[in-house]
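In order, the protein sequence lines correspond to chains A and B. When the count follows the numbering used here, it moves up by one through the first sequence with no breaks and lands on 1372 for the last residue. When the count follows the numbering used here, it moves up by one through the second sequence with no breaks and lands on 1372 for the last residue.
Simulated from the structure, these hints should not be mistaken for lab results. Treat the hints with caution; some may be incorrect.
When chains are identical, the list treats them as one kind, so a pair holds in a single copy or across two.
What the hints assert, rightly or not - With a Cα cut of at most 20 Å, we get these calculated SDA-like pairs of lysine to any residue:
1. Lys1359 x Val1330
2. Lys1066 x Pro1327
3. Lys1051 x Glu1124
4. Lys1066 x Pro1297
5. Lys1359 x Leu1325
6. Lys1365 x Ile1355
7. Lys1108 x Phe1125
8. Lys1066 x Arg1279
9. Lys1359 x Pro1327
10. Lys1317 x Arg1279
11. Lys1317 x Glu1350
2 protein chains.
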Amino acid sequence: MTELLNNREYKKEQLKRLLLRIHEGGESVEKLKDEFRQVLSGISPPLEIPLIEQELVKEGISAKDIAKMCDLHVELFREAVKGTDELEERDLPDGHPLKTLYLENKEIMKDAEMLNLYARTLATTKDERMRKEILGVLEEIVSNLRKVGFTHYNREEMLTFPPYIERRGLTAIATVLWTKHDEIRFMIKYLAELLRKREEMPWDEFVERFKNKAGEAAFALSDMVFRENNIYYPTLKALLSEGEWKAIRMQEDEYGYYKVNPPEWDPGEDVKPLHPWEINPPELSVEQLLGLPKEVQEALKGQPPLEFDKSELKREGDIDLGTGYLNIEELRAIFEALPVDVTFIDKDDRVRFFSPPGERIFGRSLSVLGRPVQLCHPPKSVHIVNKILRAFKEGRKKEATFWIRLGPKYVYIRYVPPLFNEKGEYIGTLEMTMDIAPYKEIKGEKRLLDWRD
Amino acid sequence: MTELLNNREYKKEQLKRLLLRIHEGGESVEKLKDEFRQVLSGISPPLEIPLIEQELVKEGISAKDIAKMCDLHVELFREAVKGTDELEERDLPDGHPLKTLYLENKEIMKDAEMLNLYARTLATTKDERMRKEILGVLEEIVSNLRKVGFTHYNREEMLTFPPYIERRGLTAIATVLWTKHDEIRFMIKYLAELLRKREEMPWDEFVERFKNKAGEAAFALSDMVFRENNIYYPTLKALLSEGEWKAIRMQEDEYGYYKVNPPEWDPGEDVKPLHPWEINPPELSVEQLLGLPKEVQEALKGQPPLEFDKSELKREGDIDLGTGYLNIEELRAIFEALPVDVTFIDKDDRVRFFSPPGERIFGRSLSVLGRPVQLCHPPKSVHIVNKILRAFKEGRKKEATFWIRLGPKYVYIRYVPPLFNEKGEYIGTLEMTMDIAPYKEIKGEKRLLDWRD
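Build out the structure end to end from the sequences listed, making use of the hints.
What follows is the structure in structure tokens.
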């Protein structure tokens, strides 16, 4: 990738000159835009802008000027990004997961850019009111950017890594990207903290630190967009079949998006959604290999052969739960391990299941199975049980919750929610009982990385 | 039952005279014991003793004398009970659930008797130190008697009511007994509260109230023993088959016992445990009907025909979970309704199941299935995940728990317990995630009877 990097150095120089001309004024905006567009068309996207602008500041341009430049800059930038990304998106239909990723990256680029510009403007603004305004904008930008990790990155890590990267043995790319994602998450979190704690340090110290860290974060964000757009997405494009994209589309909404709202997309009813564990055989075809971006092909050369993941998810006799496959043994063990005691009564009010007695709060025994729930309660409270069930069945109530002290235990009982099937028919009610006393003692935080062997 | 009652009146007169003779002294203890035994042999058990003793108090016998009488009295009483109960137990092997019930009733009778005697002694004791001692004894008795509800009564309600009473349509007996059980539970709870709050009222008021309430509770307890021994247990004996008793014995330990510790009992390997829902047809045979106690036969006369419960528990395609039968639809609905997000990784560290996305705290999508758990974590924390799993597999740790703040949520994550199958082999690890913030807000109590439509 050295060549690519040198190309970027060259482009940077061109961009710098262009920005200076914008700053000096006097030239037609349209003409400048055209040149801007041309400079950017070769590389995608212009991740160097923050660095160039930092150089401009060093060359004596006042922050006020830079702030003035902001609008045009961002507009030019948008067009530039649009110009280059069109190359990558043009064959993709709306709602296609890959198109969504590209579109999000545009938004990320824009916000990274804004972050950097405002941070630097803040550093040179003397006016108190102006500072406050800029801080407000920065808080919003940073709070937005935190969502990149929850949505865009998370979707990549959870939806696109597993289908092809891991299953097809290309685990290294995933690890590198994820590590960098986490670095960026950390950077943005740090910015948020810095903003929150700004009263705790002298203004100059805060603003200097913030400006530097914002610059680093903006650069890292743009750099990631560049890597994704130029290496990762083309790889996905080369490898994933329509069925895989369909499966991904079906799951995307669970994670959400960064500033885009993709429409439904379906490659056709005849295309079966293909989940990672169904990709069999996972070996790369010659065609797929040759379709990979040059960088990835290069990286694969001289490496040990890829270890394909051929494990089968569904075993004989497994129960298909819709969100996984379990055998009876595992299912029982799960119910036994739950911190909630479960009892299920069916639509005829009969006890149909209870979780196995591990350390149950209220004992249950097999003799209760098939028993009408009304006969499982002290006669004096049966009328309440009936009232609750009636309210559930008629849809008037969505839960009934109780809590009582029982020795050292604080027992929390929840009847919720009335369960309905896909047709909306009532299929039963779930009783969940747990001891919440231990949760009331929990304080502070204990994180995975705090774990000691 | 009028005849029975008159017989009891007569016996009461005899007992009263006997107790007076004990009080007057001068006669051989052994001779008195013999007569006591004879008087009691006709009826079982001597539930009238508290009443008789109350009459003695009215006839001017000092509480001190009654206290002196206590020991002999209780001893005689024990023998008497033993004499009569032997009739009911003699055919039953040790560990047979019915024998256990009879044995517990003896203990209950004894403690009810003690409660009454000590309460009345307390009422007439002037000595401060003596009062304290008696109060200590009473606290212990009352605290013991509270367990009658959790063990003896609870086992009857949960284990013996359903198999024959309800399934065979004899629901009225169950309802009557359960209502009376609850009255007794309430009486004993009241006594416990009275003891706890005794400083809040004048001594005379407390002791008078306590004496009366203790007398009522003791009488109710004895009365229940009488009903059970003479009506309920013979009915069970007439109806339940060996298979049913075997099934009951297998579940008894879940509820516990009142002051007895029954050994294992098994009618034989060839006897299949018979659960309530397996009793088919549930109609009473002529032989069973004729074997019922006279009181029950009388009660059944002139009643509408019994409504037998013929519902089938296991439906076609149901999954046998060991503690119930569910179809896939119900199983999925249960996992969706749980207040805990579940993810299961199998013995090879692969994600095999996650609970369906209702309001999951951390999103999960199908693409995660079959994925090695190490690839589902940010690269920087993978080494910790591996450490935890190693500690689980080697049996060095039984849980790993974490908690973090996430906006308004207080997220509690528990990896527990490492799951093992019946052979003790590691089959996987369960991740459970829940928001405990709502539990931290819970205060006071909200009971079933507080529910409003």
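Now the hints, each set against the structure:
1. Lys1359 x Val1330: both (12 Å within a copy, 13 Å between copies)
2. Lys1066 x Pro1327: between (41 Å within a copy, 16 Å between copies)
3. Lys1051 x Glu1124: So Lys1051 and Glu1124 pass the 20 Å test inside one copy only (17 Å; across, 72 Å).
4. Lys1066 x Pro1297: between (51 Å within a copy, 17 Å between copies)
5. Lys1359 x Leu1325: Intra 15 Å, inter 17 Å, cutoff 20 Å: intra and inter.
6. Lys1365 x Ile1355: For Lys1365 and Ile1355, the Cα distance is within 20 Å both inside one copy (18 Å) and across copies (14 Å).
7. Lys1108 x Phe1125: within (16 Å within a copy, 64 Å between copies)
8. Lys1066 x Arg1279: For Lys1066 and Arg1279, only the inter-copy Cα distance (17 Å) is at most 20 Å; the intra-copy one is 40 Å.
9. Lys1359 x Pro1327: both (12 Å within a copy, 16 Å between copies)
10. Lys1317 x Arg1279: between (25 Å within a copy, 18 Å between copies)
11. Lys1317 x Glu1350: Within one copy only: 13 Å inside a chain, 27 Å across chains, cut-off 20 Å.
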